[in-house]
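Visitor: If you count by our numbering, then the sequence shown holds residues 17 to 189, one letter each, in order.
By construction, these hints were calculated from the structure, which means they are not laboratory data.
Each residue gets a CB set at the ideal place from its N, CA and C atoms; glycine is no exception.
DSSO-like mimics (lysine-lysine), calculated; alpha carbons at most 30 Å apart, straight line:
1. Lys179 x Lys59
2. Lys96 x Lys179
3. Lys147 x Lys173
4. Lys147 x Lys59
5. Lys131 x Lys68
6. Lys147 x Lys179
Simulated DEER-style distance windows between Cβ atoms:
7. Leu183 x Lys68: 19 to 25 Å
8. Lys59 x Ser174: 33 to 39 Å
9. Glu115 x Lys59: 19 to 25 Å
10. Ala160 x Thr113: 18 to 24 Å
11. Lys96 x Ser57: 29 to 35 Å
12. Thr177 x Glu56: 35 to 41 Å
13. Ser57 x Lys173: 32 to 38 Å
14. Asn125 x Asp175: 22 to 28 Å
15. Thr94 x Glu55: 31 to 37 Å
16. Lys60 x Lys96: 29 to 35 Å
17. Lys60 x Ala160: 26 to 32 Å
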Amino acid sequence: MKTFYPSTRNGFLFVFLVLIVMSCSGNLTSQSGKKGWTEESIKKYLDDNAGKLDPVEGIYSISSEKTDKVLSKFIPATRKSNDYARVAILRNTEGFTPEFVELILEGLNMPKYTKTAEFTRIQKSFTYLSKQLDNGVGTSYSFALDEATGSMDGYKKSDTTSKLLYLKLYPVK
Numbered sequence: 017m018k019t020f021y022p023s024t025r026n027g028f029l030f031v032f033l034v035l036i037v038m039s040c041s042g043n044l045t046s047q048s049g050k051k052g053w054t055e056e057s058i059k060k061y062l063d064d065n066a067g068k069l070d071p072v073e074g075i076y077s078i079s080s081e082k083t084d085k086v087l088s089k090f091i092p093a094t095r096k097s098n099d100y101a102r103v104a105i106l107r108n109t110e111g112f113t114p115e116f117v118e119l120i121l122e123g124l125n126m127p128k129y130t131k132t133a134e135f136t137r138i139q140k141s142f143t144y145l146s147k148q149l150d151n152g153v154g155t156s157y158s159f160a161l162d163e164a165t166g167s168m169d170g171y172k173k174s175d176t177t178s179k180l181l182y183l184k185l186y187p188v189k
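Kindly produce the complete structure, drawing on both the sequences and the hints.
Guide: Given below as structure tokens:
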């Protein structure tokens, strides 16, 4: 009769858990720049495809505004954070959905070129649905692009109204 010792089982379990953790961390690092983007290659892509770009594609500065309605209906508490990140929004070339991905260039205490959001254009309008990715959790926003000013406003409503403001830095018309 074979006898399995607890230490052997624990050893196999430990190796199994290590393999799972390694595969998960590999998935996370693979999201940070699958195509091997650099800021220079992003600008070159934007310049080389200037006539074919979707209006949302470019490099943006992001600010946020959160209004908390808990204090009072008439006197909401508002918190603002200006220019807390710089991102690039590019056409997704690795699949059909989402249409566009957002990569971090600076800020948010994340590795450069990590995917931080996904955007999908609503038909032929200047409205985009976005899934903002934060620690593996997606939050939905709706964005309106103002092509003339190069800005986008995104809203998420709940007990707290969150507004993301994107200002296009490159390319500018």
